[in-house]
Amino acid sequence: MKTYEIDVLVVGGGPAGLGAAIKARENGARKVLVLERDFEPGGILNQCIHNGFGLQYFSAELTGTEYAGRFIRRAGQTGVEIQTDTMVLDVKPSREVITSSAKYGLQRFQAKSIVLAMGCRERTRDAIQIYGSRPSGIFTAGTAQRFTNIEGFIPGRQVVVLGSGDIGLIMARRMKLEGCEVQGVYELLPYTNGLSRNVVQCLNDFSIPLYLQQTVTSIYGGERIAGVTTQKVDKKQNPLPGTEEYVPCDTLLLSVGLIPENELSRKAGVRIDSRTGGPLVDQNRMTTVPGIFACGNVVQVHDLADDVTVESEIAGLAAAGFAEEEPPGKKARVLVGNGLRYVVPQEIELSRNREEPLLLFMRAELPRRKVNIVISQGGMEKLKFPQPFIKPGEIIALSVTSEMLGELEIDQDIELKVEGGG
Amino acid sequence: MEEKKLICVICPVGCEVSATLEDGELKDINGYRCAQGEEYAREEFTSPSRILTATVWIKGSRVSQLPVRSNRPLPRPKLEEVMALLAREKLEVPIKEGQIIIENILGTGADIVSSRDLEK
Numbered sequence: 001m002k003t004y005e006i007d008v009l010v011v012g013g014g015p016a017g018l019g020a021a022i023k024a025r026e027n028g029a030r031k032v033l034v035l036e037r038d039f040e041p042g043g044i045l046n047q048c049i050h051n052g053f054g055l056q057y058f059s060a061e062l063t064g065t066e067y068a069g070r071f072i073r074r075a076g077q078t079g080v081e082i083q084t085d086t087m088v089l090d091v092k093p094s095r096e097v098i099t100s101s102a103k104y105g106l107q108r109f110q111a112k113s114i115v116l117a118m119g120c121r122e123r124t125r126d127a128i129q130i131y132g133s134r135p136s137g138i139f140t141a142g143t144a145q146r147f148t149n150i151e152g153f154i155p156g157r158q159v160v161v162l163g164s165g166d167i168g169l170i171m172a173r174r175m176k177l178e179g180c181e182v183q184g185v186y187e188l189l190p191y192t193n194g195l196s197r198n199v200v201q202c203l204n205d206f207s208i209p210l211y212l213q214q215t216v217t218s219i220y221g222g223e224r225i226a227g228v229t230t231q232k233v234d235k236k237q238n239p240l241p242g243t244e245e246y247v248p249c250d251t252l253l254l255s256v257g258l259i260p261e262n263e264l265s266r267k268a269g270v271r272i273d274s275r276t277g278g279p280l281v282d283q284n285r286m287t288t289v290p291g292i293f294a295c296g297n298v299v300q301v302h303d304l305a306d307d308v309t310v311e312s313e314i315a316g317l318a319a320a321g322f323a324e325e326e327p328p329g330k331k332a333r334v335l336v337g338n339g340l341r342y343v344v345p346q347e348i349e350l351s352r353n354r355e356e357p358l359l360l361f362m363r364a365e366l367p368r369r370k371v372n373i374v375i376s377q378g379g380m381e382k383l384k385f386p387q388p389f390i391k392p393g394e395i396i397a398l399s400v401t402s403e404m405l406g407e408l409e410i411d412q413d414i415e416l417k418v419e420g421g422g
Numbered sequence: 423m424e425e426k427k428l429i430c431v432i433c434p435v436g437c438e439v440s441a442t443l444e445d446g447e448l449k450d451i452n453g454y455r456c457a458q459g460e461e462y463a464r465e466e467f468t469s470p471s472r473i474l475t476a477t478v479w480i481k482g483s484r485v486s487q488l489p490v491r492s493n494r495p496l497p498r499p500k501l502e503e504v505m506a507l508l509a510r511e512k513l514e515v516p517i518k519e520g521q522i523i524i525e526n527i528l529g530t531g532a533d534i535v536s537s538r539d540l541e542k
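First to last, the protein sequences are chains L and R. FYI, in my numbering the residues of the first sequence are 1 to 422. FYI, in my numbering the residues of the second sequence are 423 to 542.
With the rest of the complex left out, here is chain L (with noise of 0.2 angstroms):
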């Protein structure tokens, strides 16, 4: 087997594959090779055919298909390849890639540097362990969508929709203007998990109602799926006997969260982060490999593709210039303290000078109004950026200018949290 090589190669051809791949080639990568198990590139964009796209990135309202195509004629622009149909089986430690497709066969692959975008993936009904018969009918909501806006297939005509992430209630309104019945979107939070643009614009322009803190605990049905039983939960999520009822329904579509997609960042051997559930990885986005970096929802699952380019772009950038940089010095880590669930990056090079701003993502454990997040290093207060609302749905961005950055002591871990507020 040939083996080719490659400056950076990029597993996955979505919003974080084509941003970094761009930014590679931009910065003096020559060859940069894209790989895409679909047999287009785009990733899950091709299929959100709804706006609300760009307005962060291009200060424009595109639709995720729009979104996409920015990014696919720029990486024809630039130089970039892609090649489709092809899936990435392995990933080594020392960057070689093994493929498989039916044009190419298999293929052996050794790159400068790697970039891992495989995306994420949505969370099935055996992840919630609902009860009940196994009848057709049932879908992620995810995979009605490219039924939908991709292959023309109406999963349904009566639906119920379960969880009220973004997806789910996109798709409540899609199901809706394709002429199905939306019985609710059922939630077991007290609260939606979804921007509330998307509350506003998908339920409650079209009387779709959503039952907070109720969830599905029962599938009936013989070949297809005939009705679900709601009931209401407590505050520890336990279903509340005596508030059962019946809905029917012949399609039950899941929008129960998404995981990021690790299995090749784990055959690479990085280290994953269990709060995230996706690689550690510095503010380069640099992995616990050297010269593999990791960007977008194989990281952390963004609300936006928007902060998914962002992210790409760090990313892309660093694997250009992999094999020229400095190998880095040492990192402090980024603790996760009260009120928060995740902070991305989880290390931090503070030794290295910069002029961009440090960007740190996160997200909060509880809604909160009028709140610090502090940084503090030994317990000692460091820098403290004043919020005015934070949700668990809502991605929080920070921006640490390198002033800031001065502040901190260089070789000693940071914690972030979440003071006052109510």
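Heads up, some of the hints might be wrong.
Simulated pairs of lysine to aspartate or glutamate, EDC-like, Cα-Cα distance not exceeding 16 angstroms [unchecked claim]:
| no. | chain 1 | residue 1 | chain 2 | residue 2 |
| --- | --- | --- | --- | --- |
| 1 | L | K92 | L | E151 |
| 2 | R | K542 | L | E5 |
| 3 | R | K426 | L | D205 |
| 4 | L | K267 | L | D90 |
| 5 | R | K500 | L | E178 |
| 6 | R | K512 | L | E151 |
| 7 | R | K427 | L | D205 |
| 8 | R | K500 | L | D205 |
| 9 | R | K481 | L | D205 |
| 10 | R | K449 | R | E424 |
| 11 | L | K236 | L | E365 |
If you are wondering where the hints come from, they were derived from the structure by calculation, not from laboratory data. Note that the structure is predicted; figures quoted are calculated from it, not measured.
Starting from the structure of chain L, add chain R where the hints point.
Structure of chain R alone, referenced to chain L:
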């Protein structure tokens, strides 16, 4: 007199804005906390409009659906009627992003355009 309420979607704070309308005209509005929020709420109370995104049938490619959008917001009450028109469309590749599929749909001044390139 008619009382209406909405949640502002301009930022994550999510202010609850309430208004009094008389014959569709805004008389009183309060609850917003910024100028953008006021502008959003005023329009939302009097003439809500939305970008519509959907798909239409297309032949000659590995996918059977072409994503389309309105190139400007449509009056909200018209969305279902526009969907019915789109269901009748049958297109063929190649199509370019931005290509007009239906001009001035239902006399709204908005065009339905393709939202991706699609070739064989």
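For this session: Verify the proposed pairing of R:K426 with L:D205, using a straight-line Cα cut of 16 angstroms.
Result: Holds - the C-alpha atoms of L:D205 and R:K426 are around 14 angstroms apart, at most 16 angstroms.
Exercise. Is R:K481 within 16 angstroms of L:D205, Cα to Cα?
Worked result: violated, 32 angstroms
Problem set entry | Pairwise hint evaluation, L:E178 against R:K500, where the allowed Cα distance is 16 angstroms at most | Measuring from Cα to Cα gives roughly 14 angstroms; hence the hint holds.
Problem set entry | Pair hint L:K236 and L:E365, alpha-carbon separation not exceeding 16 angstroms | holds, 15 angstroms
Problem set entry | Hinted pair R:K500 and L:D205, Cα distance within 16 angstroms | Cα-Cα ~12 angstroms, so holds.
Exercise. Keeping to a limit of 16 angstroms between CA atoms, is the pair of L:K92 and L:E151 held or broken?
Worked result: Roughly 35 angstroms between the alpha carbons, so the hint for L:K92 and L:E151 is violated.
Exercise. Are the Cα positions of R:K542 and L:E5 separated by 16 angstroms at most?
Worked result: Violated. R:K542 to L:E5 sits at ~31 angstroms, over the 16 angstroms cutoff.
Exercise. CA of L:K267 to CA of L:D90, is that 16 angstroms or under?
Worked result: This hinted pair holds, its Cα atoms lying about 7 angstroms apart.
Exercise. Given the hinted pair R:K449 and R:E424, is their alpha-carbon gap at most 16 angstroms?
Worked result: holds, 10 angstroms
For this session: Sort out whether L:E151 lies within 16 angstroms of R:K512, counting only the CA atoms.
Result: holds, 15 angstroms
Exercise. Taking only the CA atoms, is the gap from R:K427 to L:D205 under or equal to 16 angstroms?
Worked result: holds, 13 angstroms
Hints 1, 2 and 9 from the list above are not met by this structure, while the remaining hints are.
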